[in-house]
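Participant: So you can see what is in the structure, the chains are spelled out below.
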Amino acid sequence: MTLQPIMDGLVNGSIIGLGAIGVTLTYSILRFANFAHGEMLSWGAYLALTVSAALGALLPGLGTPIGPFSFGWSVPIAMITSMVLTGLVALTVDWLLFGRLRKAGSAQIILVMSSFGAALALRNLLEFIYTSSPAYFTNALQISRPILPGLRATPDQLLVLVLAVIMVVAVHLLLTKSAAGRSMRAVSENPDLASLAGIDTRAVIRMVWMLGAALAAVGGIMSGVVVQIRPTMGLDLLLPLFAASILGGIGSVPGAMIAGLMVGLAEAFTVQIIGAEWRAAVSFVILVAMLLLRPQGIFGKAAA
Amino acid sequence: MIDLLSYGAFFLTMALTYAVICLGLNLQWGQTGLFNVGVAGFVAVGAYVSSILTTPAIDGRLGGFDLPIVIGWLGGGLGAGILCFLLGALTLRLRADYLAIATFGAAVVIQLTLLNLEGITGGPFGIGFIPRPFGGLAENPSLFAIANLGVLILLVLVSYFALQRLTRSPWGRVLRALREDEEAAKALGKDPVTYRLQAFAIGGFIMGLGGAAQAHFIGFIAPDNYMPTLTFQVWTMLIVGGSGNMRGAILGAVLVWAIWALSGSLVASVFPPDQQARAASLQIVLIGVALCLVLLLRPYGILGEAGTVRAPLRRALRRDLNSHSEGQKTDV
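If you read the protein sequences in the order shown, they are chains A and B. If you count the first sequence from 1, position 178 lands on 178 in the UniProt record's numbering, and the numbers rise without skipping. If you count the second sequence from 1, position 256 lands on 256 in the UniProt record's numbering, and the numbers rise without skipping.
Keep in mind the hints are simulated off the structure, nothing from the lab. Since the model is a prediction, treat every value here as computed from it, not as a measurement. Cβ coordinates follow ideal geometry from the N, Cα and C atoms, glycine included.
So the derived label-pair ranges between C-beta atoms look like this:
id : chain 1 : residue 1 : chain 2 : residue 2 : range
1  : B       : 8         : A       : 272       : 53 to 59 Å
2  : B       : 220       : A       : 145       : 47 to 53 Å
3  : A       : 294       : B       : 120       : 31 to 37 Å
4  : A       : 145       : B       : 271       : 46 to 52 Å
5  : A       : 129       : B       : 273       : 15 to 21 Å
6  : B       : 136       : A       : 293       : 51 to 57 Å
7  : A       : 189       : B       : 187       : 27 to 33 Å
8  : A       : 99        : B       : 274       : 37 to 43 Å
9  : B       : 193       : A       : 178       : 39 to 45 Å
10 : A       : 150       : B       : 10        : 58 to 64 Å
11 : B       : 150       : A       : 227       : 49 to 55 Å
Quick partial rundown of chain B residues pointing at chain A, CB under 10 Å, derived from the structure:
id : residue
12 : 113
13 : 281
14 : 283
15 : 286
16 : 292
Just chain B, same shape as in the assembly (with noise of 0.2 Å):
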């Protein structure tokens, strides 16, 4: 009972912090339309950014401040934010793909950069020992779990109120309008990139905060752990929690993450040992089939974007429900 609890609490953890780095991808995609494929590089660069920040010194690694894991995860935000901010200032003006190319050949960089720059980041080793939320209470297992599991709904919940605060605002306001019409928008008088670039770097603070916590909480990075395939499923999550719906953000990246789970312990008990690389990469295509249903079917994800004006998503489904199932309602 102790250990289903513990396992519980486990599980939740990991995934709330999926839920931060979604609600960070959500700002940038779900209401401002701007594509991001590096969103694994940013999360490794909020990762590593705290915990060098964060960890005791060690022989041959800069690095090993021992600060505090607020500062270090402030810190974490702020490099991925700053980051970011330099990627959409250099691609933001020019046409809506170049900055989905420029942020993969980001993530391709920073991974490189991970493996390569090995007196800052460990190499391929990575940093270990990064100190753990309340690791004073390592000793009671269940205890330490509930303690980690109560700093990561507060950091979900802090994310959602001060988001819900932007987007609610004048400035949220903005950002949809230049998402469903640019040249209205400007004859209003905004600048949309401005305005995509504040909501990009702000985004990439939040995901690198994401990136941070989830250090913080599993005490081990390695370059590994953030490959394409992490982008992928933080996608795939807020996709089918429904893009421009924070809720949905959360509720794809808990669900994402418990189909995640339980596909992955289903393919280690049903295959060999020596079949398993293989049924894990079926994993991954049976995702992206996933993926490319739901954007086919039901672009919106489970929740829909919540009371705003209708996303570009919503007008090509009711175009598409128009024009092939006539009578259908659409509630939008």
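Looking at chain A on its own, in the form it has when it is part of the complex (with noise of 0.2 Å):
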């Protein structure tokens, strides 16, 4: 027995919170599931990979590894850019369907059908772009070092952690402590009340695309430079994102990540003790356990 699986089950779980911080989001004030989020992972990794070779092809320079890790100056920028990009793919998506099926006082759940059908057009439109076959940030190798006894990691792998600390900490004061926070609660809470009380719901709702596609963006690249960007990976993270925000309590964001990282940390100890076959088992028993014990989630309010 070695602390390894720690280190994996961290940096995925890391990945899984930030994409249940939008299924959350969209959960709480949206409300409902919306089964076209994985694909926002997917999107973002894709398109910073399409910013990041056409830098590295305009200035051969960024291509270069900063420091320690494996990539170079253009997948940073990648990412701010993809991040944005994402936001507007969630937006588009939102003015072309979600947005029109609200404005016609569409069922909660046409709008859960809706979603299921645009995650397959979003996902197979990648697989027509870019096909099936995995692509990568770099071809560099890293090599993980000691970092505990029984513990190694690549760098990569402890930027993935540091980054996902400081989006949470970021979301979290957002959510807490400014004006736009503050009417995304209220509008979550009650949005006839918080439209009564002068608070612009469009608005709100634009945000919560936005932050929840760029954290998913960031999520996905993530995966992309510790693992690999293929375009089912959003699918195979969906579960895993449910099970999550589910566990953390539906609205909240510290719950969805703390849920986060226990869901990969569980993924990890059960390839490592069981057989990496069953790993994609975890979160599905993980959400069975949770809706017999506490469907509101760990950190959720009563009532769910």
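Build the complex from these two chains, which are given one at a time in their own frames, with help from the hints.
Facilitator: Written as structure tokens, this is what we have:
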């Protein structure tokens, strides 16, 4: 028994956590389970890949690795660009689909169903453009270094952890301290009352999409840096995202992150103890256990 | 001519297996408003249970009980029905979309189980030599095709009339009442969870039955047949045909299967072999967009719900039409 699963679990858990924040925000503010959110991670990764490849072709100097990391400055620049672009993708889908359904007063479940259709279209569009073969940001190999006895990590993995912590703290502060965050929480509590109080619900909805998609893009890029980029990466992460957002309690940002880390750790230990082929079942087991024992989640309020 | 006839019979038989699955989904969604995202999983359970029950014994794999096909089909239906019952019992008391998430998860785990439990499911290679109805007629292809088509037509008719009796009974009225106005139905003493659970399990049974019939018609099953795309196809069939309408479900199945098969052969003939995987993904994009368009523009599908109270969908569209295009009459 080594400590290694802890590192792998924390890295994957950070990626799941970042994605789950988006799921939990759309769930608590737009009030539906968005099956297309996983695709935001894939789109974020592929958009960053495209930008970084274009930058690398224009300015080859950006491709040289920064310090101990496997990638050059093109990847951080591409990440910022991709956060904005992925946000625009989410806004476009909302404008084309979800917004129209909301306006038509469609039932919540119709939104869920349309998100399912949107997910398939978005995923297969990626597969059409980039083909199904995996892609990488760099071909550089990284050697993992010992940190503690029995625990090794690559610099990239440590960067993922640090970046995830920074992101979560930033989002948490944004939601709890800023005026924009207050209006988001108000709409989540009671949309009618919030709009009566003069809060622009549409602006809040736009912000939710931008924020959720940008975090998903970061998660997808991280997954691309430490693992690889595939069109189905979002689909494979979707169940862990749902499990984490329900485990953390719908609407809770720190809850989503902590639950994401828990799901990641549970997956890593399952791989270690039972075998890698059952990894995808972990999220389902967690989900079922939560729905049986505490459907409002660890950090959620009662009456889910 | 004979070729065309047996191809037609083959095509229609395949479409009708989807029609049975669609009828099951219609009971869950169209009549009761329960969103099942794991259709592929339940279809797979039906197919595998039936195959394990009816195939001849093989070394290294459990099953091969060599039982009659009818028992296999019933077993497949029961397997899927029981699974639906368990998932429903877990989630129906909670928020509506927890059922969606749980069924999605169930489909993922079923797929994983099919791949990993090689001793039961044959792993990635699946199960072959599944007995076909009228296997004795196989020397005469067109007669064999017609006989299979006959079996499927019979299965669709039996499911259709059984479900029609159910949905027109007082039990079916309670389901629709619950879907339309839960509070009012509760005030009349109807427990929503019990009724929904029954409908979800019966719908799962029909879905499993369709999956079993499909497995016996193709003669070979593997985990790859039960990817999320299948769920999506069945949903598109139901939505296009008209949810809440059983004739719509059957029509949608035949129509969408025809579009799918035609566009598939179009892809195969237009694109060079190395580009076909890419083109096939474009095929799914187009159908995904089509599903969203139907949801946006014609949420009751081609036929719409037949002779019952208005669906929430219908109310939504009416409101939409009234506000956007006044004077246009909606026939609801």
